[in-house]
Amino acid sequence: MIEVRNLSKYYGSHRAVNNISFTVNEGEIVGFLGPNGAGKTTTLRIVTCYMPATAGSVTIAGHDVLTESMQVRAVVGYLPESVPLYPEMRVREYLQFRGRLRGLNRANRDAAVARVVERCWLRDVIDRPIGQLSKGYRQRVGLADSLLHNPKVLVLDEPTIGLDPTQIRATRSLIRELAQEHTVILSSHILPEVEATCQRLIIIHEGRLVASGTPDELRQRMTTESNLIAEFKGPESDIGASVRKLAGVADVHTVLQDGWTRVSVAAQRDLREDVFRLAVEKHWPLRELRRDIATLEDFFVKVVTGTREQRDGGEETAAERRNQ
Amino acid sequence: MRNISAIMRRELLSLFCSPIAYIVIAGFLLITGVAVLWTGSFSPGKPASLRDVFFWTPWMLTVIVPAISMRAIAEEYRSGTIESLMTAPVSELQLVLGKYFASLIFYVIMLAPTLVYVVLMEAFGNPDWGASLSSYLGLLLIGVMFTAFGLFASSLTSNQVVAWILGWVPLLLFACLAFFVVGLVQGWVRVVFQQVNVIGRFDEFSRGLVTTDGVVFFLATAALFLFLAVKVVESRRWR
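These protein sequence lines are chains A and B, in that order. Residues in the first sequence are numbered from 1 upward in steps of one, following the working numbering. Residues in the second sequence are numbered from 1001 upward in steps of one, following the working numbering.
Everything labelled a hint here was simulated from the structure, so no lab data went into it. Among the hints, a few may not be true.
[Claimed, not checked] Just the calculated beta-carbon pair ranges, DEER-fashion: (1) A:N150 - B:T1211: 39 to 47 angstroms; (2) B:R1236 - A:D270: 20 to 28 angstroms; (3) A:N25 - B:Y1022: 52 to 60 angstroms; (4) A:D127 - B:V1116: 32 to 40 angstroms; (5) B:K1231 - A:Q180: 40 to 48 angstroms; (6) B:V1162 - A:D64: 32 to 40 angstroms; (7) B:P1047 - A:Q132: 49 to 57 angstroms.
[Claimed, not checked] Just so you have them, the derived chain B footprint on chain A, three or more residues with Cβ under 8 angstroms: (8) 63-75; (9) 100-108; (10) 186-199.
Virtual Cβ for every residue (Gly too), placed ideally from N, Cα, C.
Go ahead and model the full structure; you've got the sequences and the hints to work with.
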């Protein structure tokens, strides 16, 4: 449905997008993930015909974005990141205006407006000026606008940014619902966001495509190296030394906490059974034993920073991001 | 065509939602009213003509017309709505024409109340209808040209005030000062100033003289600046 080939974009001498290629098949929800300034918005703007690429090509439903721009625009619904709206217009007026631009006649327009208003829960605000609406409602007006002409392809740039948690959940389920009839490409810098909605992820960083695949595929690349946490009661140095002797152990950290020794082990394989046997053998009471499988967050952080961060640090940033 | 009318209607709605529209109309009518009193057009013994008033009107319009069109495209850039417009199936030409017709309709609405002076002339005297008619044709043509220029200025920047200044300064310099300069220079410079002398050209209309030369000048200049505005909007994509 969407085919991006060797796409590059320069702003002056600054390279925003560097030789990106990917395809999105019909009916897929693809998440476009990257830190701020990675080139997500630039790529989406090229895909939606807002600006031309410096090099490379994009085709949507068989039409080239540069030479058959109008055909592409007709099949694409786009929600820009900043959700630009006219504050002086009422929601109904705005949607009617956009419907006219989409070439819908009066009857179709009324039906389309009624449909998207229903879909995006806008009935309560339909006669209010857009300037008076909250961020959440404005976001929904933008989404409603992008759905008016029932486009084959939906391009959503940061669709849930600025929404409260309830709205985020509602928007996510709406997007999943939409994916049954539309091909969706959405961008985000928040990983749980795309993990929850998308079938496939494309991770870009500094204009380059660094990874792509389903969330499971990406997660599998990480599980080769897992982390084991155990807490024993016993002499700290003995514990450290014994655990280090187990086969397949790469790295061991021990910390003494109120009489218990907390051990974290980086290993190539699952060591839980060995650690349990060790505790039994040495008569060390064991109060915790768990294996952490890498999350996508770790993967994201790893590909973006190029280094594996400490697990605890990784969890902290994940929590922070969720709180945003 | 549908896109042009959709954009035009939306633009008119926005124009009349903003205080600028009413300030501009009120300002124009106030100044026109003052001009009527100041020129003493209704004094006893004066000819039943608004020519003295019409002499000053183009001067006011150089400042007022760019104020009508200043927000048209600049505001789309500033608020980012240009992004949703240019990703809908709308061409740059349709955008510019839609905005243009909206500004022009607004201009006509602003001009319409001044017809009351013509009616008063008729009530108190015996004005030359032909001259009044051609004067209004001249005012309309000035609007056609100035609006196109104002729209071009608006396409250059995302700041309304900058758009306004870019609109009225060149208009005042070239179109109106040419009226004074034209008598002071010789040779090809004089020919150029004669051509761009909007006041001089309008004066022909207010005397009742409708020339092909004059009509073509206003229409062609308008077409030129509309073309340039389209090119500027197109070029935004490449920067």
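Going down the list of hints, with the structure as the test:
no., hint, verdict
1, A:N150 - B:T1211: 39 to 47 angstroms, "54 angstroms, violated"
2, B:R1236 - A:D270: 20 to 28 angstroms, "57 angstroms, violated"
3, A:N25 - B:Y1022: 52 to 60 angstroms, "54 angstroms, holds"
4, A:D127 - B:V1116: 32 to 40 angstroms, "36 angstroms, holds"
5, B:K1231 - A:Q180: 40 to 48 angstroms, "43 angstroms, holds"
6, B:V1162 - A:D64: 32 to 40 angstroms, "36 angstroms, holds"
7, B:P1047 - A:Q132: 49 to 57 angstroms, "55 angstroms, holds"
8, 63-75, "holds (count 3)"
9, 100-108, "holds (count 4)"
10, 186-199, "violated (count 0)"
The structure fails to meet hints 1, 2 and 10 from the earlier list, while all remaining hints are met.
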